[in-house]
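Chains as they are written, first to last, in numbering that gives the first Met the number 0: chain B, 0 to 550; chain E, 0 to 271.
Just so you know, these hints were derived from the structure itself, not from any lab. Keep in mind the model is a prediction, meaning the values are calculated, not measured. Keep in mind that a hint or two might mislead.
To be verified - Mimicking DMTMM-like on lysine to aspartate or glutamate, the simulated pairs with C-alpha atoms at most 20 angstroms apart in a straight line are:
{"hint": "1", "chain 1": "E", "residue 1": "Lys227", "chain 2": "E", "residue 2": "Glu42"}
{"hint": "2", "chain 1": "B", "residue 1": "Lys193", "chain 2": "B", "residue 2": "Glu523"}
{"hint": "3", "chain 1": "E", "residue 1": "Lys227", "chain 2": "E", "residue 2": "Glu256"}
{"hint": "4", "chain 1": "E", "residue 1": "Lys83", "chain 2": "B", "residue 2": "Asp529"}
{"hint": "5", "chain 1": "B", "residue 1": "Lys346", "chain 2": "E", "residue 2": "Glu68"}
{"hint": "6", "chain 1": "B", "residue 1": "Lys535", "chain 2": "E", "residue 2": "Glu256"}
{"hint": "7", "chain 1": "B", "residue 1": "Lys346", "chain 2": "E", "residue 2": "Glu84"}
{"hint": "8", "chain 1": "E", "residue 1": "Lys227", "chain 2": "E", "residue 2": "Asp175"}
{"hint": "9", "chain 1": "E", "residue 1": "Lys264", "chain 2": "E", "residue 2": "Glu253"}
{"hint": "10", "chain 1": "B", "residue 1": "Lys346", "chain 2": "E", "residue 2": "Asp75"}
{"hint": "11", "chain 1": "B", "residue 1": "Lys535", "chain 2": "E", "residue 2": "Glu77"}
{"hint": "12", "chain 1": "E", "residue 1": "Lys173", "chain 2": "E", "residue 2": "Glu256"}
{"hint": "13", "chain 1": "B", "residue 1": "Lys535", "chain 2": "E", "residue 2": "Glu42"}
{"hint": "14", "chain 1": "B", "residue 1": "Lys193", "chain 2": "B", "residue 2": "Asp529"}
{"hint": "15", "chain 1": "B", "residue 1": "Lys346", "chain 2": "E", "residue 2": "Glu77"}
{"hint": "16", "chain 1": "B", "residue 1": "Lys423", "chain 2": "B", "residue 2": "Glu495"}
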Amino acid sequence: MTITIPPKSNKESEGLQPKGFLRYFSFSLDHKVIGIQYLVCGFLFYLVGGALASAIRIELTSPISDFMPRDVYNQVLTLHGTIMIFLWIVPVVNGAFGNYLIPFYVGARDMAFPRLNAVAFWLIPPAGLMLISSYFINGAAQSGWTAYPPLSITTPAAGQIIWILSVLLLGGSSIFGGINFIATILKLRRPGLKLMQLPMYCWAMLGTSILVVLSTPVLAGTLILLSFDIVAHTGFFNPTLGGNVIVYQHLFWFYSHPAVYIMVLPAFGLVSEILPIHSRKPLFGYTTMVYSIMAIVFLGLIVWAHHMFTSGTPPWMRLFFTIATSFIAVPTGIKFFNWVATLWGGKISLNSAILFSCGFIVNFVLGGITGVALAQVPFDIHVHDTYFVVAHFHYIVYGGSVFVIFSSIYHWYPKFTGRMLNEKIGRIHFILTFVGFNLCFAPQHWLGMNGMPRRVAEYDPQFTFVNQLSSFGALLMALSTLPFLWNVIHSSFKGEIAGENPWQALTPEWLTSSPPPVENWLGEAPLVTDPYGYGKKQLQEQFNDLESEKQ
Amino acid sequence: MLKPSAIITLLVSISLAVGGVWIIYNINLLPEAASSNAPVYDELFRVLFVIGVILFVGMFAAVVYSLIEFRRRPGDQEDGLPVKENLPLEIFWTAVPAIVVLFVGLYSYDIYDRMGGMQPLDHQNHGYSVSSSEEKVWGGIGTSSNNSNMDLQMQSLPVEVTAMQFAFLFRYPKGDFISGELHVPVGQTISMRMESNDVIHAFWVPEFRIKQDVIPGQPTILNFTPTKPGRFPIICAELCGPYHGGMRSTVVVEEPEIYQDWFNKNSNTIVS
């Protein structure tokens, strides 16, 4: 086990780094700038998606459709889903943290294809703006983020076509990113660094990128056929012209189920980085974690039809997809047990990063349990397309991925900016988010089981109180954004100076200045062969040496 | 020889399991069970709920306990133990979920079979005048095994469902009339053949625990046997346009005599 510490910064080469705020608006090729661009851009879209979610929850405080016109409600829910998936979670867990961290982790100066990387990012803002602006042109798409035909063929065409174009651009961006990550992880590793010595996030991104590259083109092809159906009146999915609506669903979910793993696998990777550092213990079960990721990638590709149990699927197909889906619980379970084992016996600093990570574990376990239940055909038939499913996937993508995004921001903000976030405000943010989130989504399980379908603007009056409770939770979640925003903005000017390595971490991004220089390290890239070597006497001594050197 | 902490762990686990089971049998989270499917479904739900509650509470407790017990005390600068792996433990928590998942899968297969999901569809189609071999009819869920013998199958009441934006229409081929409400006699197996005129809809009766998409260009089949008289909502569960939330109807389950009166009043053919 060796750690080579790079030499201290020398003043001359610091001039190479482009200074100032403007570089974040430029076609920068620096993976760290691109990472921050992804993160901030994604967060702005998150605010838009969150505002749309608030509009939905306001509409649902009363059982009648009274807050907005019915077709606008469908546009709002379509935009909410599309923005949160394609413009917030996918770009941030992959693009933002992937770009920032992967070159550090493999000991590289940048990504394999820096220009492709910049192109991948710069596809996102125009696609997002186009998607949102479609509302002001002729009404946005109103067939949900799933865009099932024939509804997507019969609703106003302009909004649907703009929706397809934006999703195609975002899918393209995602594929460019995926290719780049695979090339970087496999080919740009620092000499001497073996695959099984990489930090877990690299494995998560390798798995995710394989899913991106295999499944996103299928979505692209499907949406192109759908756009032909809309503009050229072809009949691929149009039953009046001999098309088949079920084929669309198969093709759509062939991408969109792996998309769930594209949203959560990187989050798994990020948590695997955060937990060992703040509990001062090695990551438990590294090898089984790696195999679990690859098992999830493989199984994730063969479970798509569990979204279609009520679509008229033959019994044998229902059974196959039930069993395949249920078995994803095994590798996923291994990861969760390993994380708890990582915490167990550690010296845990109860900071905002670890709180959000543990919030993630708790929320995701609940989402995973309802997921296994939903995989069972007879159970799914009753609750499919109801608020039970809405609750389930928000536990996965919000309680899972978004909690990890916040955890990661608290963890890496010192590296991004050189300053610490305010810990007290961070905890207020966590409590508001955790309580608000559970208050918003836990009651929706009951709503779904008792007869409230999803994507409705009006419902049976017996559900009014529970819906209001859920809306109150949504209000807390909306409010929780305020302390967070204040924290990140205020701390970037007034936050405590972080120094190189405020968490005493061993992964390579911490073995350089905060924020790091243009080419990541001033000297040679450090060779970290045991990124989780906490708790070892020898290491502790190395750090003490490092500390005394500084003083 | 058990250590005191192990005894406590054991006691906590037992009380957790007992408490979980008690809650599940005393708090009803599901709506009224009004079809022969529903009690079977509720049985599956209870089993899944018990397993889920135990798993969730266990994981939740482990995380909260770790955060409290292993928190860094002020002044403590040491690292935790360098435990990297523990093969028996890892095998244990790979094997246990695998067994649980396998059990759940087999059990839900059994439930699905008891709901009639595995029966070949042409056996369920005897109530039809339309020959199912002429067109490809896709499966919903079958009849309950309580009613799976051929005699009852032959007697199943055929209804043709047409869905459109934003209503369901029910045609009774035996009486050659169309109704906006679905009237069915209690205890009789209903065999519905459903098709949509425009976009995808879904036929859902929460009290019957059944749902099946109604698809344009692709007829689907759904069989059920109501067991309780009453009026239950029929809800469209697939986004179908602006008035999707308002696309509701009612299924009226009546005693056979009352149903027969209603049928005779509406029928356009002479009932033999």
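Please list, smallest to largest, the hint numbers that this structure does not respect.
6, 8, 13
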